[in-house]
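Chains as they are written, first to last, in our numbering: chain A, 1 to 818; chain B, 1 to 182.
Rather than coming from a laboratory, the hints here were simulated on the basis of the structure. Hints are supplied without guarantee of correctness; some may be wrong.
[As the list claims (entries may be wrong)] Think about it this way: if two alpha-carbon atoms lie no more than 30 Å apart in a straight line, the pair counts; the simulated DSS-like pairs of lysine-lysine are:
{"id": "1", "chain 1": "B", "residue 1": "K139", "chain 2": "A", "residue 2": "K703"}
{"id": "2", "chain 1": "A", "residue 1": "K59", "chain 2": "A", "residue 2": "K214"}
{"id": "3", "chain 1": "A", "residue 1": "K554", "chain 2": "A", "residue 2": "K473"}
{"id": "4", "chain 1": "A", "residue 1": "K648", "chain 2": "B", "residue 2": "K83"}
{"id": "5", "chain 1": "A", "residue 1": "K616", "chain 2": "A", "residue 2": "K147"}
{"id": "6", "chain 1": "A", "residue 1": "K648", "chain 2": "A", "residue 2": "K473"}
[What the hints assert, rightly or not] Covered, in the sense of this in silico footprint (three residues per stretch, anywhere, with C-beta under 8 Å from a C-beta of chain B), are these stretches of chain A:
{"id": "7", "segment": "22-30"}
{"id": "8", "segment": "244-255"}
{"id": "9", "segment": "489-498"}
{"id": "10", "segment": "696-702"}
Virtual Cβ for every residue (Gly too), placed ideally from N, Cα, C.
What follows is the residue order along each chain.
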Amino acid sequence: MGTSENGKERSSDLKVIGHPIRKIDARSKVTGQTRFADDVVLPRMLHAKLLRSTEAHAKIVSIDTSAAEAMPGVKAILTGDALPETFGILPVSQDEHTLCIDKVRFVGDPVVAVAAIDEDTAEEAVRRIVVTYEPLTHVSSIDDGMKPAEGDDRIQSYGPFGNVHKLVNLEFGDVEESFEDADHVQEDMFFFEGNTHLPMEQHAAVAYFDPDHKLTLWSSTQTPHYVHRALAKVLAPLSAAHIRVIACPNGGGFGGKSDPFNHEIAVSKLSMMTGRPVKICLTREEVFYCHRGRHPVLMWMKTGFKKNGAMTGMHFRSFLDGGAYGSYGVASTFYTGALQTVTYHIPRYKFQGARFFTNKPPCGPKRGHGTPQPRFALEVHLDKVACKLGLDPAQMRKDHLVPRDSVTANYLRVGSMGLGPCIDKVVEGSGWKERRGNLPEGVGLGLACGSYLSGAGLPIYWNAMPHSGVQLKLDRSGGVACFCGSTDIGQGSDSVLAYVVAEVLGIDPFDIRVVTADTDLTPVDLGSYSSRVTLMTGNAALQAAERARELLAKAVAEKLEIPVPNVTFAEGRVFDAEDPGRSMTFAEAVQAAESKFGTIGTVGSYVPPASPAKFKGGGVGPSPAYSYTAIVAEAHVDPETGILRVPKIWCAHDVGKCINPALVMGQIEGSVYMGLGEALMEEMTYRGNRNVVHHHPSMLEYKSPTTMEMCDVVSYVIEDPDPNGPFGAKEVGQGPLLPVMPAVANAVFDAVGVRVDEVPISPEKILRALQAKARGQEGRTGPSKVPEIAWKPPMRVPPPWEGGTGEALPREDARVKH
Amino acid sequence: MTETNGTAGPREGRALLTLQVNGEVHEFVAPAHHTLLEVLREELGLTGTKHGCELGECGTCAVLIDGEAILSCLIMPQDCEGKEITTIEGMADGPELHPLQQAFADNGAAQCGYCTPGFLLTAGSLLQKNPSPSREEMKEALSGNLCRCTGYLKIYEAIDFAAARLRGESAEFPEETIHGYE
């Protein structure tokens with residue numbers, strides 16, 4: 001077994017990697033014994049409840065807690081003024097308070113927290129608190145957000161103006177000139193409605209501030225490191241070194257447990273006030289108010305094409321309905337403009353994005369973070385152009401793929417690139433060439449592609465420290481413990497650590513004890529988001545394991561009197577490759593190493609390669625490796641009712657290399673499922689004329705696919721190993737979701753000849769388009785205008801092929817140009 | 001519980017309950033308005049029963065009552081006295097997993113594992129009545145259980161596998177469900 005750079009050439013002799021091995025925690029999960037946050041029970045534990053705002057936007061005039069305080073069994077009442085320090089996931093938007101102080105910003109914003117001897121008492125106490133509000137003008141849409149607002153009518157006091165949170169204007173080459181060179185210029189508008197993660201587990205947290213003044217928080221979080229940061233900031237002067245955050249296994253995350261949350265800080269403070277453990281478990285309705293899900297995005301896309309489908313340039317605008325707080329919103333805004341360029345070659349590209357504050361639960365990252373909306377726009381846009389140019393949509397895409405090992409117009413470095421084989425697989429599997437165009441009325445096929453990051457190239461807090469760290473402890477019993485800050489949200493990240501270490505040390509993954517997601521015990525990993533965990537923790541684990549193997553090999557070579565390069569690790573033994581009889585057990589090898597070097601512990605860490613993007617805003621989009629996906633969807637539309645069924649989806653995904661094929665398949669199927677829900681039915685909507693209350697904060701009325709709606713999935717796994725991935729692995733948890741929505745929209749067009757340029761593609765939208773077509777109008781449902789914004793001059797960065805270096809031109813040049 | 005809030009009110013009633021759970025008889029006192037879900041988790045410490053909504057919408061908290069899959073968030077423990085309640089903790093035979101549990105573990109049918117107890121018990125109830133369910137029958141039986149991770153497909157495959165094993169037939173997971181299609 002070779003130890004080369006990143007182990008990419010290991011192949012046929014791999015014993016663990018690439019094999020469908022059961023997850024190391026699978027037996028706990030099927031027996032219900034996995035300890036989720038709400039399963040944590042401590043002696044003397046109190047229970048907390050939050051009083052949440054009933055107003056969308058209002059000043060808090062008074063809070064009367066006297067009746068609650070008088071209740072026996074109530075142990076502590078916390079209001080916002082006790083915790084004036086703000087927090088937030090991004091350093092640029094520290095705009096949240098644990099509990100609202102002066103004003104509330106959406107229905108569901110937390111105002112008071114109560115700890116009591118049991119949940120019923122806490123609930124009753126919350127009911128007895130009286131808050132008086134003075135309503136302010138509420139903002140329920142992007143259109144509302146465009147209206148001038150001053151003073152208290154601004155939801156937040158920062159941002160360029162009014163209720164605009166963030167404006168982005170980036171130009172990579174002169175796109176207006178590129179349209180002049182085009183044979184056809186296509187202009188379209190799209191709207192992608194917001195939706196939410198809907199993890200099965202409701203968020204829960206338990207805090208205990210112990211008599212030695214150390215605080216421990218157990219929480220259903222995907223990002224214990226950032227929760228640790230937020231607690232230290234808000235609870236100062238309590239030292240960060242005295243705070244321990246333990247992320248319990250998450251009962252589903254999908255991005256919804258990636259922010260530090262009010263309730264986590266509130267129970268911590270309540271524990272400090274009472275000296276007792278305090279638990280909170282949110283109701284399902286409250287989970288809807290935590291949200292941080294998919295942003296509603298209005299989009300405008302204009303692209304120049306040659307007759308053969310090659311793009312000459314693209315101009316894209318996005319308008320995001322952000323909700324009441326920043327959350328990941330600045331990153332989300334950049335992401336709506338980032339990844340258009342990594343699939344098909346776009347020589348010139350301009351992106352303008354605007355995020356608005358509205359009086360709704362904050363939007364943030366959901367599976368695909370900011371990229372599914374523009375991917376929907378791009379892939380439907382291309383389908384329309386292929387029709388106009390008389391080209392096959394599959395072939396047109398294949399003819400203009402971004403080459404491997406290249407840099408895009410916006411300075412994203414693409415390494416491995418398996419989209420071509422992905423397209424071939426779904427075209428062949430679906431019978432695309434024979435069936436498309438020959439199906440009965442009402443039945444159609446649609447194709448779309450996508451790409452996603454294998455982890456963000458830059459961390460949220462810019463610094464030079466590792467994004468992921470792994471520590472290994474080997475002891476004379478032969479036991480190996482692997483410590484890492486990563487959080488298993490169901491994707492199997494704990495198992496990935498065990499597989500990688502087991503492969504390198506030649507042992508059984510079930511012999512490794514994995515300890516994760518504990519800020520006291522484990523080295524920092526930034527968290528389970530942006531599909532970063534397999535690549536980053538995998539590389540860190542690989543480095544730590546290879547360092548351990550090096551120590552063992554030296555000791556074994558000395559003991560067996562053989563050359564170090566001959567020392568081989570496999571099946572729990574360490575032996576001479578040339579004379580396997582000269583051998584010892586793995587435990588004996590550890591004993592030899594411990595005798596020679598002392599206690600055996602090694603570390604590994606991972607920092608992504610530097611990005612060629614050096615301009616401001618270039619921090620969003622770079623990744624060590626991009627995954628690629630192609631999807632064909634089959635749609636059956638009833639032209640009388642508009643009812644849409646999707647019986648089957650073919651999905652091919654370039655994962656680089658499977659660490660475990662069964663888990664890869666699970667991620668592909670789960671992504672397709674979640675994409676199908678977004679395509680057909682999921683929407684997070686509010687009653688703008690009814691105080692911006694949520695339409696349906698319940699699982700019954702927030703429609704998501706049951707077994708009756710889920711389609712068959714034919715999956716293909718493409719392995720195009722990437723030199724930056726551990727054993728060549730790239731991501732799979734998010735990418736396969738992206739093409740589902742546009743593939744379904746394109747299939748609807750193939751089925752009944754109308755365009756639904758919106759998500760979800762609901763029956764009434766299909767019917768509206770069919771009725772318009774029947775009246776001789778354009779057979780389309782979708783937006784017809786986007787806001788006029790006074791954009792500031794763009795930051796101009798010439799693309800690499802126009803002499804660019806990745807640096808922005810001075811602003812003065814930008815002004816001269818436009 | 002050693003502390004009480006000491007106020008008299010509609011929520012203050014206590015019920016003396018005798019429940020037979022996983023073959024064991026438990027006699028205990030609980031607030032009279034607490035659901036079976038709450039007493040299983042909070043009074044008996046059987047936290048294997050999970051909850052996703054506590055409103056009967058998601059299927060996560062399903063348990064078996066006399067062999068029928070029932071949502072424990074919608075039933076009062078008073079109505080379960082004299083009946084046999086089975087939770088996920090009662091599904092395995094000691095350390096020996098039930099074939100459904102084994103199949104779910106081996107096939108990746110449990111990703112986050114949170115909806116898994118509800119699915120396993122509901123599937124177990126189905127196989128009791130119908131040892132060879134078709135895919136359509138399976139979908140119908142599981143249509144009240146939501147899973148956000150798997151897209152249900154690995155769950156169906158695991159049930160097929162376990163059903164075959166329970167019928168005494170040999171079973172393999174189809175190659176394409178593990179490695180994808182060629």
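Evaluation of the provided hints:
no.	hint	in the structure
1	B:K139 with A:K703	holds (17 Å)
2	A:K59 with A:K214	violated (36 Å)
3	A:K554 with A:K473	holds (17 Å)
4	A:K648 with B:K83	violated (43 Å)
5	A:K616 with A:K147	holds (28 Å)
6	A:K648 with A:K473	violated (47 Å)
7	22-30	holds (count 8)
8	244-255	holds (count 6)
9	489-498	holds (count 4)
10	696-702	holds (count 3)
Hint compliance for this structure: hints 2, 4 and 6 are not met, and every other hint is.
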